[in-house]
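S.K.: Residue numbers (the numbering used here), protein chains in the order written: chain A, 1 to 109; chain B, 1 to 116.
These aren't lab readings, by the way, just hints derived from the structure by calculation. There may be inaccurate statements among the hints.
[Said to hold, decoys possible] No more than 30 Å apart at the CA atoms, straight line, and that leaves these computed lysine-lysine pairs for DSBU-like:
id	chain 1	residue 1	chain 2	residue 2
1	A	K79	A	K57
2	B	K62	A	K57
3	B	K11	A	K57
4	A	K79	A	K42
5	B	K62	B	K78
6	A	K59	B	K78
7	B	K78	A	K42
[Said to hold, decoys possible] If the Cβ cut is set under 8 Å, some of the chain B residues that face chain A in the computed set are:
id	residue
8	Q41
9	L45
10	L84
11	S87
12	A88
13	R100
14	D102
15	G108
16	P109
Ideal Cβ placement from N, Cα and C applies to all residues, glycine included.
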Amino acid sequence: EDQVTQSPEALRLQEGESSSLNCSYTVSGLRGLFWYRQDPGKGPEFLFTLYSAGEEKEKERLKATLTKKESFLHITAPKPEDSATYLCAPLNGGFKTIFGAGTRLFVKA
Amino acid sequence: EAGVAQSPRYKIIEKRQSVAFWCNPISGHATLYWYQQILGQGPKLLIQFQNNGVVDDSQLPKDRFSAERLKGVDSTLKIQPAKLEDSAVYLCASSFRGDRGDDEQFFGPGTRLTVL
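Chain A extracted, bound-state conformation (with noise of 0.2 Å):
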């Protein structure tokens, strides 16, 4: 059975403090990764999508990596604004996408 595990489940960061936020998965077939970001009261908002190991992919403070059994979401000098939730969705060889259950992110000013 595919899942994915998410950690730390919360993450609490003073601003400019960097950090990594890690997603491991088993997944049968892996053909992609995505990172979304969530805010409070509101839908996934799409940030990234990986294909293959090595790949990095970057955009603005955030930048994504992946590796065969892992992905890591790092983040350089947050500020408040980055405060979210940060979910990590694996695409399976059937072309299903399995969301973890997230990493709350809190950047305190």
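Once you have looked at the hints, place chain B on chain A.
M.R.: Frame of chain A; chain B shown alone:
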């Protein structure tokens, strides 16, 4: 470009009552998804439509949930009768192609359902 529209935004019902949610995807998007998101969890796919045909409904509790996508555009999701454990946010999403599942999904704001 208008986003995915959902209504209502909030709904409170008694258990055993019925409820319906409506979704209007982004114009031209072939694929439409309904997700259930329980507090503290990630979205769980209930049903996926490609145009007006069902691609995946393996996690839809078919004894109480039903969904349709008439003319390949708008969609409705119905729960009858509702149970306490159905309390969740119901998210609708759409994607342009979606036949391989690898294009980004655009989500609506969701409908928060509370079953008392």
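S.K.: Please go over all the hints and tell whether each is borne out by the structure.
M.R.: Going through the hints against the structure:
1. For the hint linking K79 (chain A) to K57 (chain A), the alpha-carbon distance of about 19 Å falls within 30 Å, and the restraint holds.
2. With a C-alpha separation of about 39 Å, the suggested pair K62 (chain B) and K57 (chain A) falls outside the 30 Å cut-off, and the hint is violated.
3. For the suggested pair K11 (chain B) and K57 (chain A), the alpha carbons sit about 39 Å apart, so the restraint of at most 30 Å is broken.
4. Distance restraint check for K79 (chain A) and K42 (chain A): the Cα-Cα separation of roughly 20 Å lies within the 30 Å cut-off, and the hinted pair is therefore satisfied.
5. For the hint pairing K62 (chain B) with K78 (chain B), the CA-to-CA distance comes to about 10 Å; that is within 30 Å, so the pair holds.
6. With a CA separation close to 38 Å, the supplied pair K59 (chain A) and K78 (chain B) exceeds the 30 Å bound.
7. For the hint linking K78 (chain B) to K42 (chain A), the alpha-carbon distance of about 21 Å falls within 30 Å, and the restraint holds.
8. The interface hint given for Q41 (chain B) holds, since its Cβ lies 5 Å from the closest Cβ of chain A, which is under the 8 Å cut-off.
9. At its closest, the beta carbon of L45 (chain B) sits 7 Å from a beta carbon of chain A; the interface hint therefore holds under the 8 Å criterion.
10. Hint status for L84 (chain B) relative to chain A: violated, with the closest Cβ pair at about 21 Å, above 8 Å.
11. Interface hint at S87 (chain B): violated, since its Cβ lies 16 Å from the closest Cβ of chain A, which is beyond the 8 Å cut-off.
12. Residue-level restraint check for A88 (chain B) is violated (minimum Cβ-Cβ distance to chain A is 13 Å; threshold 8 Å).
13. For R100 (chain B), the interface hint holds, since its Cβ comes within 8 Å of a Cβ in chain A; the closest pair sits about 5 Å apart.
14. With a cut of 8 Å, the hint placing D102 (chain B) at the interface with chain A holds, because the nearest CB-to-CB distance is about 5 Å.
15. Taking 8 Å as the C-beta cut-off, the interface hint given for G108 (chain B) holds, the closest approach to chain A being about 5 Å.
16. For the restraint placing P109 (chain B) at the interface with chain A, the shortest Cβ-Cβ distance is roughly 6 Å, inside the 8 Å limit, so the hint holds.
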